[in-house]
Amino acid sequence: MTSSEFLALAVDASFVMIMISLVLGFYRIARGPGFGDRVVSLDMLTISIMGFCGLFAILVEDTAFIDVAVVLALIGFLTTLALARFAERRRKRSEDEA
Amino acid sequence: MIDIIAGILVILGGAFSLIAGLGLVRMPDIFTRMHASTKAGVLGSTLIMVAVGLVKEDPGTWARVGVAIFFLLLTAPIAAHMIGRASLDDKHRPRHE
Numbered sequence: 001m002t003s004s005e006f007l008a009l010a011v012d013a014s015f016v017m018i019m020i021s022l023v024l025g026f027y028r029i030a031r032g033p034g035f036g037d038r039v040v041s042l043d044m045l046t047i048s049i050m051g052f053c054g055l056f057a058i059l060v061e062d063t064a065f066i067d068v069a070v071v072l073a074l075i076g077f078l079t080t081l082a083l084a085r086f087a088e089r090r091r092k093r094s095e096d097e098a
Numbered sequence: 001m002i003d004i005i006a007g008i009l010v011i012l013g014g015a016f017s018l019i020a021g022l023g024l025v026r027m028p029d030i031f032t033r034m035h036a037s038t039k040a041g042v043l044g045s046t047l048i049m050v051a052v053g054l055v056k057e058d059p060g061t062w063a064r065v066g067v068a069i070f071f072l073l074l075t076a077p078i079a080a081h082m083i084g085r086a087s088l089d090d091k092h093r094p095r096h097e
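Protein chains in written order, with the numbering used here: chain S, 1 to 98; chain Y, 1 to 97.
Isolated chain S, as found in the complex:
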């Protein structure tokens, strides 16, 4: 086995593992049980998809996918931050009503 064949095999194996991790993350989003669990799962999915972009950059030999990963990191960060603020405010409001 040459070294480039080993790299191709490693990229394929890693694609499979990241796919399984995405399926597990979607399972946690569907299952819940709370709002926070879903947000944590969404955060993990964003980070896993960044790894997916890196693998795709190796597979098609195009570095444009690294830029996709950078943008995804920023958007995922803002999403998580906004959802966390929303959860905090929602809890405060329900405490005020009680």
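Hints listed in this document are in silico derivations from the structure and should not be mistaken for laboratory results. Check each hint, because a few of them may be wrong.
Said to hold, decoys possible - Here are the in silico distance ranges between beta carbons for each label pair:
1. Asp58(Y) x Thr2(S): 17 to 25 Å
2. Val71(S) x Glu57(Y): 22 to 30 Å
3. Met1(Y) x Arg91(S): 19 to 27 Å
4. Asp89(Y) x Glu61(S): 29 to 37 Å
5. Ile8(Y) x Arg31(S): 27 to 35 Å
6. Met1(Y) x Tyr27(S): 33 to 41 Å
7. Ile78(Y) x Thr2(S): 41 to 49 Å
Glycine is no exception: its CB is placed at the ideal position from the N, C-alpha and C atoms.
Assemble chain Y onto chain S, guided by the hints.
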């Protein structure tokens, strides 16, 4: 030789992402789930990004890989802290037993 190192990094990165997904499903409450998903997930994606830099080996790619890893390491702890603080109430406390 570079390809073999990059291949090992790619496999390790995929394995860490898989561990993050497993931790997300198997852990008992939100704080332990966050512990598994943020730390293992960030390490997995970082290893894959370093492998991309090794395969391409030009300065522009390394710079973009560095920016991606920098943002990952900068934003993941802040996001985890925010979710943890938001979900900490009377019903959801970290278990100490």
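To see whether the hints hold, each was checked on the structure:
1. Asp58(Y) x Thr2(S): 17 to 25 Å: holds, 22 Å
2. Val71(S) x Glu57(Y): 22 to 30 Å: Hint holds: Cβ distance 23 Å, inside 22 to 30 Å.
3. Met1(Y) x Arg91(S): 19 to 27 Å: violated, 54 Å
4. Asp89(Y) x Glu61(S): 29 to 37 Å: Violated - the Cβ-Cβ distance for Asp89(Y) and Glu61(S), about 49 Å, lies outside 29 to 37 Å.
5. Ile8(Y) x Arg31(S): 27 to 35 Å: holds, 34 Å
6. Met1(Y) x Tyr27(S): 33 to 41 Å: holds, 39 Å
7. Ile78(Y) x Thr2(S): 41 to 49 Å: holds, 43 Å
The structure does not agree with the numbered hints 3, 4 stated previously, though it agrees with the rest.
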